[in-house]
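Undergrad: Take a look at the letters that make up each chain.
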Amino acid sequence: MAARQPFPGFAEIHKTNGLMEMKKWWLAAVAAIIATSGCAKEETEQKQSLQRANLLRTHTSGTAKHAELNQGPAERAVAYLRQRDDVRDVVAVNSGDRLLVAYQIPHMKRWSRKQIEKDIDHKLRDMFPGYDVVSSSDLKIFWKTKELKANMDNPRWDERKFNQEIRRIEKLSKEQT
Amino acid sequence: MANEKRKKLTPVQQEYHLFEKERETKRPIVRNCVCAFLVGGIICTIGQAISYFYMYFFDFTEQTAGNPTVATMVFLSMILTGLGFYDRIAQFAGAGSAVPVTGFGNAVISAAIEHRTEGFVLGVGSNMFKLAGSVILFGTFSAFVIALVKTIATQWGGL
Amino acid sequence: MLAMFFWAFVVGGLICVIGQILMDVFKLTPAHTLTILVVVGAILDGFGLYEPLIDFAGAGATIPITSFGNALVHGAMQEAEKHGIIGVLTGMFEVTSAGISAAIVFGFIGALLFRPKG
Numbered sequence: 001m002a003a004r005q006p007f008p009g010f011a012e013i014h015k016t017n018g019l020m021e022m023k024k025w026w027l028a029a030v031a032a033i034i035a036t037s038g039c040a041k042e043e044t045e046q047k048q049s050l051q052r053a054n055l056l057r058t059h060t061s062g063t064a065k066h067a068e069l070n071q072g073p074a075e076r077a078v079a080y081l082r083q084r085d086d087v088r089d090v091v092a093v094n095s096g097d098r099l100l101v102a103y104q105i106p107h108m109k110r111w112s113r114k115q116i117e118k119d120i121d122h123k124l125r126d127m128f129p130g131y132d133v134v135s136s137s138d139l140k141i142f143w144k145t146k147e148l149k150a151n152m153d154n155p156r157w158d159e160r161k162f163n164q165e166i167r168r169i170e171k172l173s174k175e176q177t
Numbered sequence: 001m002a003n004e005k006r007k008k009l010t011p012v013q014q015e016y017h018l019f020e021k022e023r024e025t026k027r028p029i030v031r032n033c034v035c036a037f038l039v040g041g042i043i044c045t046i047g048q049a050i051s052y053f054y055m056y057f058f059d060f061t062e063q064t065a066g067n068p069t070v071a072t073m074v075f076l077s078m079i080l081t082g083l084g085f086y087d088r089i090a091q092f093a094g095a096g097s098a099v100p101v102t103g104f105g106n107a108v109i110s111a112a113i114e115h116r117t118e119g120f121v122l123g124v125g126s127n128m129f130k131l132a133g134s135v136i137l138f139g140t141f142s143a144f145v146i147a148l149v150k151t152i153a154t155q156w157g158g159l
Numbered sequence: 001m002l003a004m005f006f007w008a009f010v011v012g013g014l015i016c017v018i019g020q021i022l023m024d025v026f027k028l029t030p031a032h033t034l035t036i037l038v039v040v041g042a043i044l045d046g047f048g049l050y051e052p053l054i055d056f057a058g059a060g061a062t063i064p065i066t067s068f069g070n071a072l073v074h075g076a077m078q079e080a081e082k083h084g085i086i087g088v089l090t091g092m093f094e095v096t097s098a099g100i101s102a103a104i105v106f107g108f109i110g111a112l113l114f115r116p117k118g
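Residue numbers (the working numbering), protein chains in the order written: chain A, 1 to 177; chain B, 1 to 159; chain C, 1 to 118.
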C-alpha cells in the first residue's frame, strides 16, 4: 500500500510474461476495439453533421427560391413572450405552416417549468390557429432555433432546406429519454 | 431498539458496551459533511459540464443528454477506480463520492476487478453486483410498487 | 448556464450531505444509505417532485443515485400510459438502461484491463 507506483494498473500489465502476456494483450485489444468502435460511431455522427453544414454552406442555388418568408407570426410570438415575466429570452421562426418558438425560463422559475411550458404552448396555439406550433424551453432547441434564424439571411438557403431544418428541430424537441 | 437490546445483556457486557462507546472514534460529522458537499458538488458540476458538451456538439436535448452523461461518468469512474484514485477520493469524501452514479459505477467496477482472480464467470460475473445489487433490487422493487399504485390510482381511481 | 452550474453544485452537494448524515448520524453502511436514497428518489417521483428538481438543478439531480429511482418510476409510468398496467413491468428499465448497462460493460472492461491490488 505504501510506496505505490503512480499507475500500477498499466505497470503491472507489462510485468507479466509468456502465455499470460499474450492472453492479456488479446483481451486488451478486444477492449480497445470495443472502445474505439463506440467512439467511431460518435465521430461519424459528428462528421455527418459537419458535412451537412458544409453542404449547406457550399450549396449555390442561384435559381432556387430564396427563403423570403413572412416572419410576422414569429415576430408577434416573440413580442408576446417578451412581455411575460417567466420568459428570459426568446427566439422564434416560422415557415408557411409551422411556427417554432424556443425560449429560456429564468432559473428560479425552472421549478415550475412543466406548467410554464404547458401554459405557453396553449397560449401560442390560441394565438396562431393556422400554424403548427412547436414551443420548447430546452436549451438545445433554443441554440438550434437561433442558428436557424441567423441562417435565414443567408441567400444560399432555399425554402426546402429551411423547412427540412425546422422539421428536424421539431423531431428533436419531441424526443424523450 | 438499542436500549432494549442492551437490557438483555449481562452486567459485564453492559459495562463493556459503555466502555466501547467511550472509546469509539468520534466521527467528525461537520467536517465529513463539508467534504461530502464539496466533492459531491464538484462531481455533479462535472456531470453538468459533460451534459452541456453533449448538447453542444451532438444532437442531444436537455432531456436526452442525461443518458450519455451517466455513461460517461461511469466510464470516468472505471478509469479512476482501475488506477486506484477513486479509493483515495472516497477516503476523503465519504458519501460525496458514493452517492453520485460514479459511486455506483465504482462499486460495480471495483467488485469486478477484485474478483477477477477467481475467473471471469465465477469471479467477475457473479460478484459484479455484490455491492450494487441491493441498490438495483430495492430501487426496482420500490419503483414497481410506486408505479403500480400510481397507475391504478390514475386509471381506475380517476385521479 | 452559469446559474445551472451553480445549482447543480449546490443541489448535488446537498444530496451527498444527506447521504453523509445517514452514514454518520444514523450509522448506516454505505449500501444501506444508497438503497435508502434510491427508494427516496422513487417515492419523490411518485409524487411528481423529482422532475422539477431536475429542471432546476440539472446534473445536480440526475447524477446522484436518487435519480436512479426516479428514472425507474419514470420509465414504468411512461410505458404504463402507453400500454396500461403491464407497462409498469416492461418499461421499468427504459430510461435507466444507460447507467446499468454502462456499469456492466465498463465493469467488465475494467476487470480485463486492471488487476486487483493487495
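These aren't lab readings, by the way, just hints derived from the structure by calculation.
If you're wondering where the values come from, they're calculated on a predicted model, not measured in any experiment.
Take these hints with a grain of salt, some might be off.
[Claimed, not checked] Taking lysine-lysine and the BS3-like style, the derived pairs with C-alpha atoms no more than 30 Å apart in a straight line are:
hint: 1; chain 1: C; residue 1: Lys82; chain 2: B; residue 2: Lys26
hint: 2; chain 1: B; residue 1: Lys21; chain 2: C; residue 2: Lys27
hint: 3; chain 1: C; residue 1: Lys82; chain 2: B; residue 2: Lys130
hint: 4; chain 1: A; residue 1: Lys174; chain 2: C; residue 2: Lys82
hint: 5; chain 1: A; residue 1: Lys123; chain 2: C; residue 2: Lys27
hint: 6; chain 1: A; residue 1: Lys146; chain 2: A; residue 2: Lys114
hint: 7; chain 1: A; residue 1: Lys171; chain 2: C; residue 2: Lys27
hint: 8; chain 1: A; residue 1: Lys118; chain 2: C; residue 2: Lys82
[What the hints assert, rightly or not] Partner residues aside, some chain B positions facing chain C, computed with beta carbon under 8 Å:
hint: 9; residue: Gly41
hint: 10; residue: Cys44
hint: 11; residue: Ser51
hint: 12; residue: Met55
hint: 13; residue: Gly96
hint: 14; residue: Val101
hint: 15; residue: Phe104
hint: 16; residue: Ser134
hint: 17; residue: Ile146
hint: 18; residue: Thr151
[What the hints assert, rightly or not] One-sided and incomplete, this derived list gives chain B residues near chain C with beta-carbon spacing under 8 Å:
hint: 19; residue: Thr45
hint: 20; residue: Gly82
hint: 21; residue: Phe85
hint: 22; residue: Ile89
hint: 23; residue: Pro100
hint: 24; residue: Glu114
hint: 25; residue: Gly119
hint: 26; residue: Met128
hint: 27; residue: Leu131
hint: 28; residue: Gly157
Here a beta-carbon is modelled for each residue, glycine too, at the ideal position from N, C-alpha and C.
Undergrad: Determine for every hint whether it applies to the structure shown.
TA: We went through each hint and held it up to the structure:
With a CA separation close to 53 Å, the supplied pair lysine 82 of chain C and lysine 26 of chain B exceeds the 30 Å bound. Between lysine 21 of chain B and lysine 27 of chain C the CA atoms are separated by roughly 13 Å; this keeps the pair inside 30 Å, and the hint holds. Our distance criterion of 30 Å between C-alpha atoms is broken by lysine 82 of chain C and lysine 130 of chain B, whose separation comes to about 34 Å. Annotation: proposed proximity of lysine 174 of chain A to lysine 82 of chain C holds, straight-line Cα distance about 16 Å (limit 30 Å).
This hinted pair does not check out: lysine 123 of chain A and lysine 27 of chain C have alpha carbons roughly 52 Å apart, beyond 30 Å. Distance check on the hinted pair: lysine 146 of chain A and lysine 114 of chain A sit about 22 Å apart at the alpha-carbon level, within 30 Å; holds. Proximity of lysine 171 of chain A to lysine 27 of chain C is assessed by CA-CA distance (about 49 Å); at most 30 Å being required, the pair is judged violated. The straight-line distance between the Cα atoms of lysine 118 of chain A and lysine 82 of chain C is roughly 20 Å, inside the 30 Å bound, and the hint therefore holds.
With a least beta-carbon distance of about 3 Å to chain C, the hint placing glycine 41 of chain B at the interface is held under the 8 Å criterion. Restraint check, cysteine 44 of chain B versus chain C: the minimum CB separation of about 3 Å is within 8 Å; hint holds. Checking serine 51 of chain B against chain C by beta carbon gives a least distance of about 6 Å; that is within 8 Å, so the hint holds. At about 10 Å, the closest approach between the beta carbon of methionine 55 of chain B and any beta carbon in chain C exceeds 8 Å, and the interface hint on this residue is violated.
For glycine 96 of chain B, the shortest C-beta to C-beta distance to chain C is roughly 5 Å, which falls under 8 Å, so the interface hint holds. Satisfaction of the interface hint for valine 101 of chain B is found here, the shortest Cβ-Cβ separation to chain C being roughly 6 Å, below the 8 Å cut-off. Restraint check, phenylalanine 104 of chain B versus chain C: the minimum CB separation of about 6 Å is within 8 Å; hint holds. At a threshold of 8 Å, the smallest CB-CB gap from serine 134 of chain B to chain C is about 5 Å, leaving the interface hint in force.
For the restraint placing isoleucine 146 of chain B at the interface with chain C, the shortest Cβ-Cβ distance is roughly 4 Å, inside the 8 Å limit, so the hint holds. Hint on threonine 151 of chain B holds. Least Cβ distance to chain C is approximately 4 Å, under the 8 Å limit. A cut of 8 Å between beta carbons decides the hint on threonine 45 of chain B: the least distance to chain C is about 5 Å, and the hint holds. A least Cβ separation of about 4 Å between glycine 82 of chain B and chain C falls short of the 8 Å threshold, and the interface hint therefore holds.
Because the beta carbon of phenylalanine 85 of chain B sits about 12 Å from the nearest beta carbon in chain C, more than 8 Å, this interface hint is broken. Interface restraint check for isoleucine 89 of chain B: the shortest CB-CB distance to chain C comes to about 12 Å, outside 8 Å, so the restraint is violated. Residue-level restraint check for proline 100 of chain B holds (minimum Cβ-Cβ distance to chain C is 5 Å; threshold 8 Å). For glutamate 114 of chain B, the suggested interface contact is upheld, since its CB lies about 5 Å from the closest CB of chain C, less than 8 Å.
With a cut of 8 Å, the hint placing glycine 119 of chain B at the interface with chain C is violated, because the nearest CB-to-CB distance is about 11 Å. The interface hint given for methionine 128 of chain B is met, as the beta carbon of that residue sits about 6 Å from the closest beta carbon of chain C, less than 8 Å. The beta carbon of leucine 131 of chain B is positioned within 8 Å of a beta carbon in chain C (closest approach about 6 Å), and the interface hint is therefore held. Using the Cβ-Cβ criterion of 8 Å, the hint placing glycine 157 of chain B at the interface with chain C is not satisfied: the shortest such distance is roughly 13 Å.
Hints 1, 3, 5, 7, 12, 21, 22, 25, 28 from the earlier list are contradicted by this structure; the remaining hints agree with it.
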